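Engineer: Residues per chain, in single letters:
Protein chains: 4
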Amino acid sequence: MEKLNVGLIGGGFMGKAHSLAYAAMPMFFWPAPAIPVRKALADVTEERARSVADQYGFEESTADWHDLIEDPDIHVIDIATPNNMHAEAAIAAAEAGKHIISEKPLANTSEDARRMYEAAKKAGVVNMAAFNYRRTPAVALAKKYIEEGSIGEILNFRGTYLQDWSADPESPLSWRFQKSVAGSGALGDIGTHVVDMARYLVGEISAVNSMLATWIPERPKQDSGVDSLGNAKGGGPKAPVDVDDEIVTMLKFENGAIGSLEATRNAWGRNNFITLEIHGTKGSIYFNYERRDELQVCFSDDPADRRGFRTIYTGPNHPYGANMWPIPALGIGYGETKIIETYDFVNAIVNGHEADPSFRDGYQISLIADAIVESAASEAWTNVQKVDS
Amino acid sequence: MEKLNVGLIGGGFMGKAHSLAYAAMPMFFWPAPAIPVRKALADVTEERARSVADQYGFEESTADWHDLIEDPDIHVIDIATPNNMHAEAAIAAAEAGKHIISEKPLANTSEDARRMYEAAKKAGVVNMAAFNYRRTPAVALAKKYIEEGSIGEILNFRGTYLQDWSADPESPLSWRFQKSVAGSGALGDIGTHVVDMARYLVGEISAVNSMLATWIPERPKQDSGVDSLGNAKGGGPKAPVDVDDEIVTMLKFENGAIGSLEATRNAWGRNNFITLEIHGTKGSIYFNYERRDELQVCFSDDPADRRGFRTIYTGPNHPYGANMWPIPALGIGYGETKIIETYDFVNAIVNGHEADPSFRDGYQISLIADAIVESAASEAWTNVQKVDS
Amino acid sequence: MEKLNVGLIGGGFMGKAHSLAYAAMPMFFWPAPAIPVRKALADVTEERARSVADQYGFEESTADWHDLIEDPDIHVIDIATPNNMHAEAAIAAAEAGKHIISEKPLANTSEDARRMYEAAKKAGVVNMAAFNYRRTPAVALAKKYIEEGSIGEILNFRGTYLQDWSADPESPLSWRFQKSVAGSGALGDIGTHVVDMARYLVGEISAVNSMLATWIPERPKQDSGVDSLGNAKGGGPKAPVDVDDEIVTMLKFENGAIGSLEATRNAWGRNNFITLEIHGTKGSIYFNYERRDELQVCFSDDPADRRGFRTIYTGPNHPYGANMWPIPALGIGYGETKIIETYDFVNAIVNGHEADPSFRDGYQISLIADAIVESAASEAWTNVQKVDS
Amino acid sequence: MEKLNVGLIGGGFMGKAHSLAYAAMPMFFWPAPAIPVRKALADVTEERARSVADQYGFEESTADWHDLIEDPDIHVIDIATPNNMHAEAAIAAAEAGKHIISEKPLANTSEDARRMYEAAKKAGVVNMAAFNYRRTPAVALAKKYIEEGSIGEILNFRGTYLQDWSADPESPLSWRFQKSVAGSGALGDIGTHVVDMARYLVGEISAVNSMLATWIPERPKQDSGVDSLGNAKGGGPKAPVDVDDEIVTMLKFENGAIGSLEATRNAWGRNNFITLEIHGTKGSIYFNYERRDELQVCFSDDPADRRGFRTIYTGPNHPYGANMWPIPALGIGYGETKIIETYDFVNAIVNGHEADPSFRDGYQISLIADAIVESAASEAWTNVQKVDS
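Chains as they are written, first to last, in the UniProt record's numbering: chain A, 1 to 389; chain B, 1 to 389; chain C, 1 to 389; chain D, 1 to 389.
In isolation and in its complexed conformation, chain A is listed as follows (with noise of 0.2 Å):
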């Protein structure tokens, strides 16, 4: 069975979610399109490098991605770093040959996610956006009722993204309040998962019209050590926020459909909160990633009398399922949306496919947070700007 060489660039909480991937996903697909080989690890120095290999179960470590790069027998380059890092690492991985996978969002401007979009369709390299939810079997149900007809045509999305975990003025200023590292605030952060799923379920976003609010202006600068989410710990006098807390949209679908997206890190109780609110002409679906084994659907066909909300928990009759847990509700985790994230990635670099949401797609997301950013400033509705148009 083919082998597939993996230069992870960056050791921190989502390094060990694609770590875990690679290591799983031949125990869940099989025969497995290919092994993936945890070949090489990068962070930022050599003995972080080597102690999160060693746990990651990766085969070499370096503090300089660069030798990932030019490493011959590397053949996909996962970066799992800041934001600010994703370009550099894979324009130089697609000019290398490499295969791509970035976290998302794809880049801190829609002018690096340009490029990067560019230089792999250059070097003809599979590339992937890991957008990872819409991995999740019940939102791949969901788009399957869609695609079948089952909810009709869409006429409206209300989707939402809320944690709380920078509601408290005290915690600190991590790189993901700072907009030359981040881009920007919830709305790369999670606004753009929601993105994501709202062009997979529903199609093309064509306009939107947008509020961001700040509501923590300064938060304590970092110091020294690092939490679980790869931010460092706080402590420090406070300086500046120059990111979104939390950002409302109204979206504009090709297709007709209307919709809205919420998305913020300061509601109190909300934890990964991605709702997912779809009404069509023949039915309705409701998602919500806090109970992910579940998709709720409603059917019009159904009888009046017998007609209301279907709590489908998803399992070996549904997509992806039979390569999961043999019985519904046995329990999707994160751990499972990445490891289908993994399978989709490496069976379109063995079949020679594009992958899916490609650079192309996190681009086109790059560019519709760039409009709801002018239209907030503006005010305005504000065309979403096309890839290739």
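Quick caveat, the hints were computed from the structure, so don't treat them as lab data. Computed from a predicted structure; not experimentally measured. It is possible that some hints are incorrect.
As the list claims (entries may be wrong) - To give an idea of the chain C side of the interface with chain D (calculated C-beta under 10 Å), a few residues: (1) ASP245; (2) ASN266; (3) ALA380.
To be verified - Straight-line Cα separation of at most 30 Å, DSBU-like style, residue types lysine-lysine; simulated pairs: (4) B:LYS252 x A:LYS238; (5) B:LYS282 x D:LYS143; (6) B:LYS143 x D:LYS282; (7) D:LYS282 x C:LYS221; (8) D:LYS252 x C:LYS179; (9) B:LYS121 x B:LYS179; (10) D:LYS282 x B:LYS282; (11) A:LYS179 x A:LYS238; (12) B:LYS179 x A:LYS252; (13) C:LYS252 x D:LYS252; (14) B:LYS121 x B:LYS144; (15) A:LYS252 x B:LYS238; (16) C:LYS282 x A:LYS282; (17) C:LYS3 x B:LYS3; (18) A:LYS3 x D:LYS3; (19) C:LYS282 x D:LYS179; (20) A:LYS282 x A:LYS144; (21) B:LYS282 x A:LYS221; (22) C:LYS238 x D:LYS282.
Backbone N, C-alpha and C fix where the C-beta goes; we use that ideal spot for every residue, glycine too.
For this one, chain A is given, so just place chains B, C and D on it according to the hints.
Structural biologist: Just chains B, C and D now, kept in the frame of chain A:
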């Protein structure tokens, strides 16, 4: 104990709810501020008026609502007709010195709402706009927490009112789909309820940015007969719908909070899905009327390892609870919201203070609805005109 | 239209619920089978009776309930007193030829229940035991599905009734904790409601195997004053509790189904947590009264990839729904369960058929309660004695 | 860092879960107590063993599990076979001085469980029974609250484990329906998981009173092929089922608490519906594995007007959380329960303490299962025999 003679105009479903409230209010609130007496009822024909008067326990009946206005023994005029009749009846009642409760929206144009407001103000009669959902004890509890500062300063509000009774293109072209009678569609019918609760809980709305959609542009004309909503039954040739099926709007509040609102009658599987989610600096609130005995609230000052939304079932320890049923979850129904509304209205009459929400509020809500319509037409942020400014 | 003059004995919370039902029933069910008239009310003192009569809208009042029995103008005796008074009043009413509705449990001993049953049978009067929760439209819908065979042959039933109002050891020693007045504790007070629904939905119970527990063996004696449940306020020295706080029992049904039932008033956080879960060969049903507008049902004949519990909100398409509110989730409350109960009772009187559940059912439930107590004492399966066998 | 070479017997679904855990444990728990190495895997044929070894990442494969026992390089024997093979393999492993983890139930008879327990004890090897659901962080949080006294003295426990995969009479007669292989049906397969959590959370069970039912007395014999549960596919002529489809039992705990337990694989619409409800003198706990990121808990010392179940999403602030994902609700899946289990097992080996639950616990659970079977047969309360007494 004082008696208040009530003249009810309109014997449909809403008249039933009001009649129940008049009969039941003293049973719940004792000693009652006054005893409402179901004195006379007006409907479109003598026969129907007589039958409904018997059904709802009114002493007298008439096919001419002016009889109620002219009856010196009647103290209160209750307007439970289609929207286009509110203004004429209310103004006549005010001029005759009657206290007035009118169903919502206050009128089918803001101009009519203004005339109602001014007539009632000039006459010095107690006046109430019957936005009953704020009377749900769980909503009143949300108000209490917010006023106490328990969730801090409000950052974000998201409200929805979703139903599915008009999602079927074959459902008939009742008065609720005709602008000349209803004024607007989902906006006035259900959206205004959420606007009322947004103002009640969060504060005054200063600007809106909206989309309106009419998904089903024509429906079968009504033939004879009336369904349980007072809608005529369909089956005839199709004719145009000239009101909105759906509204999505962003909101700016005077106090700096932002938000959004979605109202539709085309959401398969949703019935009376009024939801409110409010994020504050110190906590969050979630309410879903479909599970109306519950309020969900998260307090940020709970210890991190014990923090989460609390599901609080309202009962004797909560607003209005001592007058409702003796145990939480014994069951608040639609009737109870109207019983509480009636109590607050009668209390205002007896104690000579303003009712809440008053015609002034109803007029302000009409101005917000106007701004929503204007914003949707102009595709731009629209400032809300303020009553008396 | 026929009028039925009602004499109500007992002016506590339950009297309020019945009074509401008499006033409201014709508003909901029209043309009504007959119009209940709130004729006379008896309570413990003249003063209290007069006040409560005014509150509940009764014409006359008395401190001697025999007055109601002796009044030839009264057609119906409604017994809403503590349990130990049911038998004497009901037997007197029967002997006077009055129709009778009695609160549950039917009596505080099965011997008294038998006497009530026999007296009513001998007199040929219509008689009803007021187990109202089966009137919840969602429970009636469960009944419909079962009778239609939609969930097949029933295999298993699990019922709970959990509350927390007696979990506090300082809550007072009201009549509900005294065997001489209440007969039993959680068993009679709340457990019998679930027994009623088990019989209604599944079938006759043939044997039980039980545990009873009294977790708080003494409570403060009541001093003067009455709380909202009709419980006296506490604060005095402690005295023994001689009823059960909790009951757990297994059940065998005549038709071969098995099941279990748990009832307690000591479950912190549960309020009126009446749940029913029923598994059949072709489907399952779940009901939770705390979310009583909903019935959850799973049909095995749904395709495997679309199968799951449907959350059906009861409304006009469901049992009793055409007479309730025009839209599902507008809101069934406790009052509506009593309005429907009253309709069924009045209908039985007018149409001369047996009420359901009747005193016979109430007596049978008492025999089941006896078997539960006996089983707990003997720690063995105990066969249920059957009425008339 | 120490390495632990693992020999896995059984390459079905459970072997997959264990393999995932060996690969992932150090990624989550770092520095790991030791690094598990997937050394060798045994399955029924050479071909299958080799294929599964490749899939699960094992170095070597064999069709004879004795090879693993005899291999001096193997430190740990992991038994993931059908129940009837546990004892022989475990005893051989113990005698060879290997540490052992065995899937549950420990054996298909308590006699075999006893032999396993005694062999492991005599050999002094670390031994664990793989009841993984107690490792769900939310269940561990429940344990923490109980141990801290946060819900007081426990009064009542209600546990369920409901599935529907055997509700279809046409599902095949796999080994799970054959007493000679499985020992029992729903009782051993799923009921024992709840028994494990009842002992973990509440305390030792002293007596049981039970019903067992076999709803589908015969099923189609298996033909060739294996489904995702390791069940052979059906389609042949029918043959008798000799295990239980369902068990209902009452429980008495040594500490005075009472309770009940229901387990069935015939509950349409339930998938992995493991629920625990625990009432204490100072609070209540509710857990539903189908929504496993959440624990619901009510604390009686909350003020009455703010009291209700809190929905706590487990994350870094809760047991095991610092080693899982950085944000609550990012997602605990089935894999994570096994990763935590493996960590606890490896930790016990490295630190030389007893694993929990051990074979002793597994044996005690078998004795409880025996008592349940005996009670159902004798229709009487049955005392549970205690290990070493």
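Engineer: Work down the list of hints and note, for each, if the structure agrees.
Structural biologist: Tested hints:
1. ASP245: holds, 8 Å
2. ASN266: Because about 6 Å separates C:ASN266 from the closest Cβ in chain D, which is inside the 10 Å limit, the hint holds.
3. ALA380: For C:ALA380, the interface hint holds, since the closest Cβ of chain D sits about 6 Å away, which is under 10 Å.
4. B:LYS252 x A:LYS238: Holds. B:LYS252 to A:LYS238 sits at ~29 Å (cutoff 30 Å).
5. B:LYS282 x D:LYS143: holds, 29 Å
6. B:LYS143 x D:LYS282: OK: B:LYS143 and D:LYS282 at ~29 Å, within 30 Å.
7. D:LYS282 x C:LYS221: holds, 22 Å
8. D:LYS252 x C:LYS179: Holds - the C-alpha atoms of C:LYS179 and D:LYS252 are around 25 Å apart, at most 30 Å.
9. B:LYS121 x B:LYS179: holds, 27 Å
10. D:LYS282 x B:LYS282: Answer holds: D:LYS282 to B:LYS282 is near 27 Å, not above 30 Å.
11. A:LYS179 x A:LYS238: Holds, at roughly 16 Å.
12. B:LYS179 x A:LYS252: Status holds; Cα separation ~25 Å.
13. C:LYS252 x D:LYS252: holds, 20 Å
14. B:LYS121 x B:LYS144: Answer holds: B:LYS121 to B:LYS144 is near 29 Å, not above 30 Å.
15. A:LYS252 x B:LYS238: Given pair A:LYS252, B:LYS238 holds - Cα atoms ~29 Å apart, limit 30 Å.
16. C:LYS282 x A:LYS282: holds, 27 Å
17. C:LYS3 x B:LYS3: Between C:LYS3 and B:LYS3 the Cα gap is close to 25 Å, so the pair holds against 30 Å.
18. A:LYS3 x D:LYS3: This hinted pair holds, its Cα atoms lying about 25 Å apart.
19. C:LYS282 x D:LYS179: holds, 26 Å
20. A:LYS282 x A:LYS144: Roughly 15 Å separates the two Cα atoms, so the pair holds.
21. B:LYS282 x A:LYS221: holds, 22 Å
22. C:LYS238 x D:LYS282: Holds. C:LYS238 to D:LYS282 sits at ~20 Å (cutoff 30 Å).
The earlier numbered hints are all upheld by this structure, with none contradicted.
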